[in-house]
Amino acid sequence: MEKEIAHFEVRGRKVRELRGGDGAPLLYLHGAGAENEFWLPFADALAERYAFHAPSHPGFLDSDGLDEMRLVADIAAHYADYIDAKGWDRVAVAGLSFGGWIAAELAARYPEKVAKLVLVDAVGIWIHDDPIVDLFAIDVARFPERMRRLLFADPKGALPMMAFPDAAEGGDLPDLPDEEILKQMNHMAAVAKFSWNPLLHNPRLPGLLHRISAETLIIWGKHDGLVSTAYAKAYGKLIPNSRVEIIDSAGHLPPLETPDLFIEKVAKFVG
Amino acid sequence: MKHFLFHLMPYRDLPADFSEKHESSWIWPPNSLFDPKKGAVYYNDYLDELCAAEEQGFDGVCINEHHQNVYGLMPSPNIIAAMLAVRTKRVRIAIVGNALPLYNPPTRVAEEMAMLDCVSEGRIITGMVIGGGPEYYSFSVNGAEARTRFREAHDIIMGAWTKPGPFPFYGEHYKLRYVNPWPRPYQTPHPRIWIPGAGSIETMEFVAKRRYAYMGIPYFHIDFFKKNYAMFREICEKKEGYKAHPEQMGLLMPIYISDTDEKARAEYEEHFWYFQQKLLPGLLTSPPGYTSPVSAMRTLKALRSGDTWINSCHKWDDVEKGCFALVGSAETVAQKLVEHAKDIGCGNMLGLFQLGSMPHEQALENAARYAKEVMPLVNKSLPATKEPLPKMVPFPADDPLKQAAQ
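Line order of the protein sequences matches chains A and B.
Per the working numbering, residue 8 is the first one in the first sequence, and the count goes up by one each step.
Per the working numbering, residue 542 is the first one in the second sequence, and the count goes up by one each step.
Hint data in this document are derived by calculation from the structure and do not stem from the laboratory.
These numbers were taken from a predicted model, which means no experiment stands behind them.
Any given hint might turn out to be false.
Claimed, not checked - Pair by pair, the computed Cβ-Cβ distance ranges are: (1) H14/A x A771/B: 37 to 43 Å; (2) K229/A x I742/B: 46 to 52 Å; (3) K10/A x A771/B: 50 to 56 Å.
What the hints assert, rightly or not - Looking from chain A toward chain B, a few residues come up when the C-beta cut is under 7 Å (computed): (4) F143; (5) I145; (6) L189; (7) N193; (8) M195; (9) A196; (10) A199; (11) K200; (12) W203; (13) N248.
Quick reminder that beta carbons are idealized off the backbone N, C-alpha and C, glycines included.
This is chain A alone, in the form it adopts within the complex (with noise of 0.2 Å):
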């Protein structure tokens, strides 16, 4: 399968998605930061090793359908529908950070469509102790740097700079294009709506994670300061058949900031 920028529909939705290579399918649920609106490395890579195939949520690009959702258990039941409609009878799941919590509702609630799942700095539970960072109380326009230093392992790094640059000269907004900083104003009211309150996770979540069946594998940036390593052990604890691997140099984000040894976790664990 060629490498791809498409739509695909869903019971009448319209669905924006990467597609590409060939192999196993690989459902890829991507973050508040849209990691698949191109081809980045991370994508590339799995492409090469699987039927790659990374939807754009509802309310993110063109993707249809937020108006009819509230839930992220409603974007679960929407990406079992996306499952059937691809005619796939179980897929590998793989989903970062919000996507993450998608793809264990998913797992939870369809369990009989999921045949490996990959959750990566996942938010979607609460620990009171040591709570989800307020990603909605941060103004990025003023503070970019506060965006950077909890998303990434390195603040500083040419990536995050770039996500996330400082305003322009004199100016107290981020030195972006209009369309931009609007798209980047789509995505954080999608994510809104579906995690403003309870705060980026689902109370009665944990009370489904041991209907998970498939294996499941939990990669975790050691810096993320959003949403700490304590989230993975938590998953590790409610995930029946689920594994807990570290990655040292990464944050919140390993697929971006650490592309090689994410993949490299992956595939061992996807085959």
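We have chain A already, so just place chain B on it with the hints.
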């Protein structure tokens, strides 16, 4: 012209290093800084200032709702309105407003406004607001639902006031089996509705279609207001086919009067800067989805474009140029006010007479001078129109966003 005294009820005595120590004056400034003894003084001073407006000759008073901030200590404007309802006899009491998405169920607003309208024998003006962005953090209410919650809450309240109860309401956010509040409002069919806006076309269309009144959210450059009100009048005329009544529009502004322009500035300036530097920062904090990204972008651009927002003022000259406050002798204030109000076409002038750190006596004197010296000059140039206000239409037949529930 109708004249209203608007009060924010600010915290007047913040420590000198407040701005250095605290990034925001909203949501997060630690409430350990609140001194209840001062609070007692403030509330009683401010109530006296509001009540004095009646004797001074104002047509009405305005109060509003904000939470967890130093800018306005009025989390419950309805409680203040209750006190005003019994302490005054004549003035209109405009509650602008209740932040509808913060009331669950919104029938609470219909109930409390109706109580107040009965006690005051029909003097309530009901303001309906979405609420500032910070309120969504303070209450952990989802900003992405702000607009749809506002819409449903509006329909519930207006339904409660215009349709025989009990009736069911089935919305996305609120599912109420029996809407039937007792009491009903004293005014027939219900109080006038005022809705503040900051330039969003959607809000103007909503107000114009229903023949409500549009109140501009303050602290913008006067040219920004002029553009907005021109747009509102145009929507009334071109889209809705009627000429906007002057009292469908209100202009809110800080006002200060003294013997001469120089004296006014000298007495006023410190309070203005206190207001701008200590009370406003964080006011524009807004949660994702709070406005449509296109509106949010428009606001960002307005803020980016130099002198549109009050915080772009660095020296007094900037304040004067953008008319961020009307300050001077009675003649100067009246002359500028008439000039702007004529351009804007508004029939309601809403003045902030206490601002920032301004002490009680000075605020009282300021309002008194406005009433005695400015009002007559303004009313001579801009007499109140005799034409009745248009009949309000809470549920227009051609509402594009009509809820299934109606």
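Which of the listed hints are not met by the structure?
5, 13
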